[in-house]
Each structure stands twice: as structure tokens, then as C-alpha cells.
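Fit chain X to the known structure of chain G by using the hints.
For the record, the sequence lines run as chains G and X.
Okay, so the first sequence: first residue is 8 according to my numbering, each after it adds one.
Okay, so the second sequence: first residue is 223 according to my numbering, each after it adds one.
Keep in mind that the hints were calculated from the coordinates and are not lab data.
From a predicted model like this one, the values you see are computed outputs, not experimental measurements.
Take the hints with a grain of salt, since some may be wrong.
Some chain G residues near chain X, calculated using beta-carbon distances under 10 angstroms [what the hints assert, rightly or not]:
#1 Gly47
#2 Pro50
#3 Phe52
#4 Gly107
#5 Glu108
We put the CB at the ideal spot given by N, CA and C, even for glycine.
Here's the letter readout for the chains.
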Amino acid sequence: DTGVSQNPRHKITKRGQNVTFRCDPISEHNRLYWYRQTLGQGPEFLTYFQNEAQLEKSRLLSDRFSAERPKGSFSTLEIQRTEQGDSAMYLCASSLLVAGELFFGEGSRLTVL
Amino acid sequence: GQQLNQSPQSMFIQEGEDVSMNCTSSSIFNTWLWYKQDPGEGPVLLIALYKAGELTSNGRLTAQFGITRKDSFLNISASIPSDVGIYFCAGQSGNTPLVFGKGTRLSVIA
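Next up, chain G with everything else stripped away, as it sits in the complex (with noise of 0.2 angstroms):
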């Protein structure tokens, strides 16, 4: 499989506990994205990568987030001291071309209790 690969599929925590989750892009996209994605909503911006700089961040992504792309291919992306505003899917998407089309993996669900 060729695609994006996102794990874990799913995450159930408590309440101020760690979480990481991982992206794997298609191997010749140089930029990856993060999206988070909460019921009934389209998905929203996180930040993204061009190769292992990361260009951009929302400001939906709060200080307890942290996303890493250390050597340009797969990325990290850590919430610490979860709350349960955090449930939600997050979502990883890669592209080859500047403006173009992203290429979603099937998503991390995150429950927090």
C-alpha cells in the first residue's frame, strides 16, 4: 500500500495523559499536513511540513501540541496533558505539487475521558 498510514487508528486516554501519533506520507510528497477533524465539521488546519521545515501553524493548535518532521518523511504529532476537547480525528494528508490536491490518510480517532 502506496498511501498515507496513519497510527494508531484509535486512542482512548484519560484525561491530562500524553498522546503521540504517527504519519506516514507517500513517499515522494514533500509536504504533509496535519488536520483535525471533530463530528459533524469539515477538517480543520493544523500545521504542515515542506520536507522537515515546518512552514505553518493554526492557532488551533495550542501550546500542548507539538508536530515534528524530523528527517523530511514521516511525522509526529504529540498533544500533551490530553483534555476532552481534543476528541477528535486527526487527520494526515501529503501533496507533491505547491497548490494541489492532498491525499488524506484514513485518520487517528482521539478519545479523551
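Same frame as chain G, but now just chain X:
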């Protein structure tokens, strides 16, 4: 910030009927994309539009990039049960990240 208004929010149709949905923006976009999302899965790209006035088809799906560059339309002809899902429009201007609408939930009655 940029906002996309997608309509209708939901629709129920009979199998075999044609479907139309649209998306409008408060600002101009250079790219319009249409995605379909099934429950528990990530969005899947259906059609990409890059030029005002462009009309593009993908099987039974046809999408258009409005000439004002502030809207886009998606049509599905002869709907089938597997068309069920949530359809999202997404727009982009310049180098900004894609902005998504809230989706149109399509239900098909056999």
C-alpha cells in the same frame, strides 16, 4: 478568515436520481477540490479544479469551478447506494492550506 458555505447540509434521494451540491466562498480561490468521506475513514479526493470555468468529470461525477472563482458545484448522475457518504468541498488560494466546507451528507434510498 476564509469560510466555505456548503449546501445542502444533507439530502435524501432515491437510487437513480441525479444529485447537485454547491460550495460558496467569501473570497477568491485558485483551486477547488471535492472529497468524499465514509464513516471512520479519511477524505478521498474525487475531483480537482484549477481554472475558473473549468468543468471536469470523473465517471458519474462532474464538478465545475465557478467563473467568479468564489464557488464550485458537484453533480452526481444516476446515484447508486455506494454514493452514500459526506461530500466536502475544499478551496485554496495561493500557498495557503486547503480550507474545507462542513460537508453535504448524502443518503441514497434503494
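Checked hints:
1. Gly47: Hint on Gly47(G): holds, closest Cβ of chain X at ~7 angstroms, below 10 angstroms.
2. Pro50: 5 angstroms, holds
3. Phe52: 4 angstroms, holds
4. Gly107: It holds, given that the least Cβ distance between Gly107(G) and chain X is near 7 angstroms, below 10 angstroms.
5. Glu108: 5 angstroms, holds
When each numbered hint is compared with the structure, no violation occurs for any of them.
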